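In the order they appear, the protein sequences are chains A and B. Note that full-length UniProt numbering has the first sequence beginning at 1, numbered continuously upward. Note that full-length UniProt numbering has the second sequence beginning at 1, numbered continuously upward.
Fair warning: there could be bad hints in the mix.
Claimed, not checked - Incomplete in silico selection of chain A near chain B, CB under 10 Å:
| id | residue |
| --- | --- |
| 1 | G22 |
| 2 | P25 |
| 3 | Y40 |
| 4 | H42 |
| 5 | L51 |
| 6 | L61 |
| 7 | L62 |
| 8 | Q68 |
| 9 | L69 |
| 10 | R111 |
| 11 | A145 |
Said to hold, decoys possible - Restricting the straight-line Cα-Cα distance to at most 27 Å, the calculated cross-link-like pairs of lysine-lysine (DSS-like) are:
| id | chain 1 | residue 1 | chain 2 | residue 2 |
| --- | --- | --- | --- | --- |
| 12 | B | K47 | A | K26 |
| 13 | A | K26 | B | K46 |
| 14 | B | K46 | B | K26 |
| 15 | B | K91 | B | K26 |
| 16 | B | K26 | A | K26 |
| 17 | A | K91 | B | K47 |
| 18 | A | K26 | A | K46 |
| 19 | A | K91 | B | K91 |
| 20 | B | K47 | B | K26 |
| 21 | B | K91 | A | K46 |
| 22 | B | K91 | A | K47 |
| 23 | B | K46 | A | K91 |
| 24 | A | K46 | B | K26 |
| 25 | A | K47 | B | K26 |
| 26 | B | K91 | B | K46 |
| 27 | A | K47 | A | K91 |
| 28 | A | K47 | A | K26 |
| 29 | B | K91 | B | K47 |
| 30 | A | K46 | A | K91 |
| 31 | A | K91 | A | K26 |
What the hints assert, rightly or not - Label-pair ranges, simulated between beta-carbon atoms:
| id | chain 1 | residue 1 | chain 2 | residue 2 | range |
| --- | --- | --- | --- | --- | --- |
| 32 | A | M1 | B | A63 | 37 to 43 Å |
| 33 | A | R55 | B | M1 | 43 to 49 Å |
| 34 | A | A64 | B | A27 | 46 to 52 Å |
| 35 | A | Q68 | B | Y40 | 50 to 56 Å |
| 36 | B | T184 | A | K26 | 29 to 35 Å |
Note that these hints are calculated values from the structure, not bench results. Since we're looking at a predicted model, the values are computed, not measured. No residue lacks a Cβ here, since even glycine has one placed at the ideal position from N, Cα and C.
2 protein chains.
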Amino acid sequence: MGTREQLVDSARELLWERGYVGTSPKAIQQRAGAGQGSMYHHFAGKKELALAAVRRSAEELLAAADEQLRTPGTAVERITAYLRRERQVLKGCPIGRLTQDPDIVADPELRAPVDETLTRIRARLAEVLDEGRAAGELPASLDTAALAATIVAVLQGGYVLARAADRPEPFDQAVSGVLALLTTH
Amino acid sequence: MGTREQLVDSARELLWERGYVGTSPKAIQQRAGAGQGSMYHHFAGKKELALAAVRRSAEELLAAADEQLRTPGTAVERITAYLRRERQVLKGCPIGRLTQDPDIVADPELRAPVDETLTRIRARLAEVLDEGRAAGELPASLDTAALAATIVAVLQGGYVLARAADRPEPFDQAVSGVLALLTTH
């Protein structure tokens with residue numbers, strides 16, 4: 001792996017673990033085993049490197065969501081597969097956690113890839129729900145955009161509950177609760 | 001207001017805005033208009049001050065939840081009142097946001113009041129759902145503990161979506177989605 005890639009990987013890990021405010025350029029360089037000169041050769045600064053890191057994490061997240069939502073089955077089965085897939089629950093979401101970072105939300109450029117990723121996941125879930133509604137599996141009156149927001153919120157909030165408790169059970173409960181409501185339709 | 005109270009209030013504001021990692025003792029002192037000596041007269045350090053601040057925020061949050069959940073009406077009406085009450089959506093939750101703070105979740109003492117607050121809100125919601133189930137308003141098969149976790153997760157995740165978008169609409173959508181599922185029972 002080249003130095004540029006090592007810097008992006010180290011930035012992804014540190015942003016996930018410590019957030020943007022809690023990550024110094026020096027910490028990224030140390031984890032990447034790269035010098036200061038090398039970092040500034042590849043990136044104008046912490047912000048440019050963070051943007052590259054966030055974009056890479058976003059791509060992986062969207063690809064993973066797409067894989068689960070593409071599986072054969074009914075809409076509810078596909079959403080169940082997405083919600084139940086193996087996750088590092090106690091680490092939380094590498095994208096969602098950035099919304100608690102004051103320097104990310106205050107900067108439109110840094111916030112943009114976070115917003116875009118969550119918006120695309122909601123849109124993808126709404127598509128699946130639309131298919132379920134068209135197939136008569138879900139009620140015709142269902143507001144699929146709202147329910148897609150609920151499903152993503154359950155994941156993001158489930159991480160919050162699990163991290164507070166330092167165990168994954170509250171995440172699993174939150175997911176079970178929404179799936180129980182969804183499957184009784 | 002005495003200096004001690006001013007320090008706790010400033011710490012609460014800064015923890016809400018910038019988190020624990022992003023808040024220095026100096027920033028708290030400056031916002032409180034207090035000197036370093038004065039802070040260390042009242043508190044052993046940043047951690048002790050943060051604990052006092054988190055406990056105060058937790059009390060307010062629990063009192064507000066209790067007020068909404070105590071209103072007359074059916075279980076679903078009371079939960080609707082709780083979910084729809086006026087909130088500073090773009091600021092997020094002063095307690096939930098701390099779960100994204102690496103120094104909070106790594107320290108059992110700092111994590112304890114965060115966990116306890118979210119656990120108590122879930123327990124309170126489960127009680128309301130239990131009452132609705134006993135009254136025949138909700139199905140007998142309902143897992144009320146799981147659904148309580150879902151409801152708190154929708155709030156916490158709704159903040160994530162709203163902060164990513166820099167507008168409150170995704171929060172409102174997430175809440176509408178779960179209420180629609182709940183009311184069709």
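Below or equal to 27 Å on CA atoms is what counts here, so check K91(A) against K91(B). holds (22 Å)
Quick one: are M1(A) and A63(B) within 37 to 43 Å, going by C-beta? violated (52 Å)
For the pair supplied as a hint, K91(B) and K26(B), is the alpha-carbon distance within the 27 Å limit? Status holds; Cα separation ~23 Å.
Taking 43 to 49 Å as the stated bounds, is the beta-carbon spacing between R55(A) and M1(B) within them? At 46 Å between Cβs, range holds.
Satisfaction of hint between K26(A) and K47(B), Cα-Cα up to 27 Å: holds (25 Å)
Measure nothing beyond the straight line between the CA atoms of K46(A) and K26(B); if it is 27 Å or shorter, mark the hint as holding. holds (24 Å)
Check the hint pairing K91(B) with K46(B) against an upper bound of 27 Å on the C-alpha distance. At roughly 22 Å apart (the allowed maximum being 27 Å), K46(B) and K91(B) satisfy the hint.
Would you settle whether the hint for R111(A) is holds or violated, based on the nearest Cβ-Cβ distance to chain B being less than 10 Å? With Cβ-Cβ at 7 Å, under 10 Å, it holds.
Proposed proximity, K26(A) with K26(B) (alpha carbon, max 27 Å): Status holds; Cα separation ~22 Å.
K47(A) paired with K26(B) [C-alpha distance capped at 27 Å]: Roughly 25 Å between the alpha carbons, so the hint for K47(A) and K26(B) holds.
Holds or violated: K47(A) with K26(A), Cα cutoff 27 Å? Since the Cα atoms of K47(A) and K26(A) sit roughly 13 Å apart, the hinted pair holds (cutoff 27 Å).
If you take the shortest Cβ to Cβ gap from Y40(A) to chain B, is it below 10 Å? violated (24 Å)
Hints 2, 3, 4, 5, 6, 7, 8, 9, 32, 34, 36 from the list above are not met by this structure, while the remaining hints are.
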